[in-house]
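Engineer: Listed below, chain by chain, are the residues.
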Amino acid sequence: MTSAPTGSRAIGAPVPRLEGRAKVTGTAPYAYDQPVEAPLYLAAVTSTSARGHITAIDTAAADRLDGVVAVLTHENAPRLASDENAELWVLQSDEVAFRGQLIGAVVASRPEIAAQAAGLVRVEYDARPHDVEPGPGRDDLYAPATVNTGLETDTIAGDVDAAMADAAVTLDRTYSTPLQFHVPMEPQTAVARWDRDGGGDRLTLYDSTQGVIRMRQIMAAVLGLPPDRVEVISPHVGGGFGSKLRPKAHHVLVALAARTVEGRPVKFALPRRLTFAGSGYRPSTVQRIRLGADADGRLTAIAHDAVGGTSKLVEFAEQTALATRTMYAAPNRRTTHRLAALDVSVPTVMRAPGEAPGMFALESAMDELAVACGLDPIELRVRNEPGRDPETGLPYSTRNLVACLREGARRFGWTDRDPAPAARLDDGWLTGTGVAAATYPAYPVIGPSNAAIRALAGGRYRVDIAAADIGTGSRTALTQIAADALAVPLDAVDLRLGESTLPAAAPAAGSMGLGGWGSAVIAAARAFREKYGTAPAEGAEAGATGAGVPGAGKVALHAFGAQFAEVRVHADTGEIRVPRLLGVFAVGRVVNPRTARSQLTGGMVMGLSAALHEHGVMDPGPGQVVTRDLADYHIAAHADVQDVDAVWIDEADPHYNELGAKGVGEIGIVGVAAAIANAAFHATGVRVRDLPLTPDAFLR
Amino acid sequence: MSTGSIMLTVDGESRSLVIDTRTTLLDALRDHLGVTSPKKGCDHGQCGACTVLLDGRRVLACLALAVAHDGAEITTAAGLSPDGEPHPLAQAFIDHDGFQCGYCTPGQICSAAGMLDEAGKGAPSHVTGDLEGPTVLDDEEIRERMSGNLCRCGAYPGIVAAIREVSG
Ligand code: FES
Ligand code: FES
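As they're listed, the protein sequences go chains A and B. Quick note, the first sequence lines up with residues 1 to 700 if you use the working numbering. Quick note, the second sequence lines up with residues 1001 to 1168 if you use the working numbering.
Honestly, the hints are just simulated from the structure, not real lab data. Predicted model only: the values in this text are computed from it and were never measured. There may be inaccurate statements among the hints.
Here are the computed distance ranges between Cβ atoms for each label pair [as the list claims (entries may be wrong)]:
hint, chain 1, residue 1, chain 2, residue 2, range
1, A, ARG79, B, ASP1117, 52 to 58 Å
2, B, SER1002, A, PRO448, 56 to 62 Å
3, B, ASP1117, A, ARG128, 54 to 60 Å
4, A, GLN92, B, GLU1140, 35 to 41 Å
5, B, ASP1095, A, ALA487, 26 to 32 Å
6, A, GLU84, B, ASP1117, 24 to 30 Å
7, B, SER1002, A, ALA143, 56 to 62 Å
8, B, LEU1065, A, GLU541, 51 to 57 Å
All C-beta atoms, glycine included, are put in the ideal place defined by N, C-alpha and C.
Using the sequences and the hints, build the whole thing.
Structural biologist: Below you can see the structure in the form of C-alpha cells.
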C-alpha cells in the first residue's frame, strides 16, 4: 500500500469503527430511536389508483376512532410554499400520479390506532388509464436534456455503422436489467416536531438521511421556513444506498402532520411495503451494445444505446451508458440514453447509478467478443486499453485497470483457465470462472464542505462537520484524517457529524463523501494551527472550506477495478451458486483499510444479489410493483454469500484531493453481475443477457 | 380496542405494562418501554432485525404478540453486553467489522447467540449431513442457520467470521 502523507499516523490504519460498541448493543440512536417526549404516530393513506383524481375522501370513521388526533388529506392539509419538486407537493391537490402515492395521514396516540384508522379512510377516484411499463416497442421514447449529474445525454464520434460494416468481428446484443430496490434495513423514517416561538415557526426533524444540509434546505423551501428554522438530526443511518439522499414525500407528510399537532413529535417509519413506491428505486433498463473489432480484437466501434423508465412526476435519467464513454479505445463511438415517461413513482440514484446496470451490459458484451475473437477476456481488455480518455482526450489522473486485472488473475488463479465453455462437471455441478472490469467516476464534489475545529480541555479537539455516516465508516475515517491533520493521537479527536447545525457539508453520494469532507477537515486543521499554533487555549476555534478538485477539467478522474467470479450451476436443476468472488480495485489512497474493505465487499455482495436474486416486478394491471416485501423481493442472505474478498493496488490520486483518495462506496458493485454471468456462460455455455440469472435460464 | 396487562423481564429489569392486544412484542419494547435495541426492518418476519432472545430462544419480536408473552424473559443485544462489557459475540463483530450501518446488528447478534445455543444442543439444520453425531458449525452451517437475518450492507463475510471465532 502507498505510504501515507508525511507525519501520518492514523491514516492507513485499520481503526475499528468508533461507534462499534453502540451498534453491537443497539444503543446507537437511529431516527425512530431518538428519545422524544410524548410522541404521536403517523400512518399513511396511499393511493390505490395509478393515475387520475381523487373525487371523494371520507375520513369520518377514522376521525371518530378513539385515540385519533388528526386526519390529513389534500382537503385540510396546511399549504406548502414551493411546488418546484412535484414529488414533494404532498396533500396539495386531488391529483394522483402513481399507485402507492401518499394521499393522506392519520396521527394517533398509538401506532396500532393510526394504522387501523388509516384503513378506515374511504377514497374514490376518477381513474384514468395508466402506462407503467417502459417497453418494448414504444414510439414515444424521448431524449432527456441531460442524464443524472448533468452529463450529456448522447455522445457520438466517428461512424459506428460504417465501422461495423467493415469490422472483421461484430457483436450486436441486447441486455436488460429489472427494477431494483435499495431496501436499506432501516426503512425511511422521520420524527418531526413543529414548534412556534418568538422567532416564528420551527421544525425539528430526526431523520435517516444521507445529507442533513440538503434535507434542511429543501424542506425549508417546501415548507416556507427560513433554513435556520429547520434542524435536521441524523447521527446514525441504517443504510441508504441512494434512497436517503433526497427528501421524499414522507418527509413532507410527517412535517405537515407535525405542524397540525404543533408541539408534539410525530413519528413515521415507512412500513416496508410502502418503501417500494415511497423511496425511489433503480429503473429497469434495456441496453443495446454493438462492438466492432479487427481480427486481433482491437475495437473499431463501440456503441451503447440505453433505454430506461422514468416518472412523469419528476424526471430521473440514469446515466446507464456513461462507463462506455471511458472504458475502451475505439475510433468510432456512440452512447445514447432514451426514456419512457411513466405513471410510476419517482426513480432515483441507487449504488453506482449508471455503472451498475451499464457495466453489466458492456462487460457481458466484452466477454462475448472475447469468445468470438478466440481471445482471453483479460487480454481482450488489455488490447483495448486507451492511452487517454477516449471521449475527452484528457490524460487519466490514474488508470490502473490493467494492473487490477493482472493482480486479480494472479490471486484468483486465472492463468491455467481452460476457456472452453460447459467443459467441467463436478459432482453434478457445472463450474466456470468469469471476469469483468469495474469503473466509477471520481466526480468533482457536488458542493464544497466546511469543517470547524475547537480546542477542548486537556489537549483534546472537537471536529464538527455536517457529514453523514450511513454505514460507510466516515465517522471513523474522518477522525483519522483529523488526527493526522492536527498531528494528535486518534483519541484526542472528538468528531461530530449528522446534524444540520454543524458546518455545512455535502451529502454522502457518488463516492464523493470522504474526499470532500476530508479536504474540509484538513483545511480546518491547517487554519486552526495557523491561527493558534500547537498550544491553543481552550475554546480556540477555526473553520475552513475544503479545496475543490485540483485536477477537475485537466485530467480524467476514475476509479477502476476487476471482478472475478467462480460459479457453479447444477446440471439438473439450474441452481446457481457463487462460491468465490474476488475484487481488485484501484481507488487511490485507502484511509481505513478495515472499513474500506467492508465497503468494497459489501458492494460486491449487493452485486451478487443483483446478479442472482433481485427482480422488481411491475404488474401493469393495477399499475404497481408486486414484489413489495423481503420475501418477494429477495436480497442476498447469509446462505447466498460465500467467499467474498476485496483487495486494492498501490495508488494515490493527488489530482482528486489532497488525501489522494477516491471513494469506495460504489465501485464494489460494478461489474459483479457481468463477472457472474460470464462465469455462468463458462460453466454452462448458456449466455444470459437478462438479470437476474435464475435457474430456468440454464434449463434447456 | 381491548387491552391486556402483562409483565416482562427485559434485560434483567421487570417491567409491567397495559397494552393493546394488537401490539407486537417489538412495538411493546420499542414504543412502550423505550427499549430500542431490537430494530424494525420489515414488521413481517422477513428480515430478522427484531430478533431477541425470549426465555433463551431466538424469536422475531415483530411476529410475537406482546400479550401472549406475559411473564417472559426478554434479552436484547443491549442486555447481552451489560454495563458496557461486550458479549464475546459483540466483541467479535467489532473485531471482524461484521457490520456497517449497524441496523441489522443487534438482531444478528441475538440470533447468533440463540443459534449457538441451538447448535450446542444438537439441533440440526437444513445442511446438516450427519443427524446422529455432534453438530459441527462450519461456515456452511453458520450461513444456513443465520439466513433469517438479512444484512443489506452485505457484512456477511465479517459476521460469519465473527460467529466462527466465538463458536470455535
Ligand atoms: S422486523 Fe421482524 S423480521 Fe423484520
Ligand atoms: S450492517 Fe447494515 S444492514 Fe447489516
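Engineer: For every hint, state whether the structure bears it out.
Structural biologist: Results for each hint:
no. : hint                              : in the structure
1   : A:ARG79 to B:ASP1117: 52 to 58 Å  : holds (57 Å)
2   : B:SER1002 to A:PRO448: 56 to 62 Å : holds (57 Å)
3   : B:ASP1117 to A:ARG128: 54 to 60 Å : holds (57 Å)
4   : A:GLN92 to B:GLU1140: 35 to 41 Å  : violated (54 Å)
5   : B:ASP1095 to A:ALA487: 26 to 32 Å : holds (28 Å)
6   : A:GLU84 to B:ASP1117: 24 to 30 Å  : violated (56 Å)
7   : B:SER1002 to A:ALA143: 56 to 62 Å : holds (60 Å)
8   : B:LEU1065 to A:GLU541: 51 to 57 Å : holds (53 Å)
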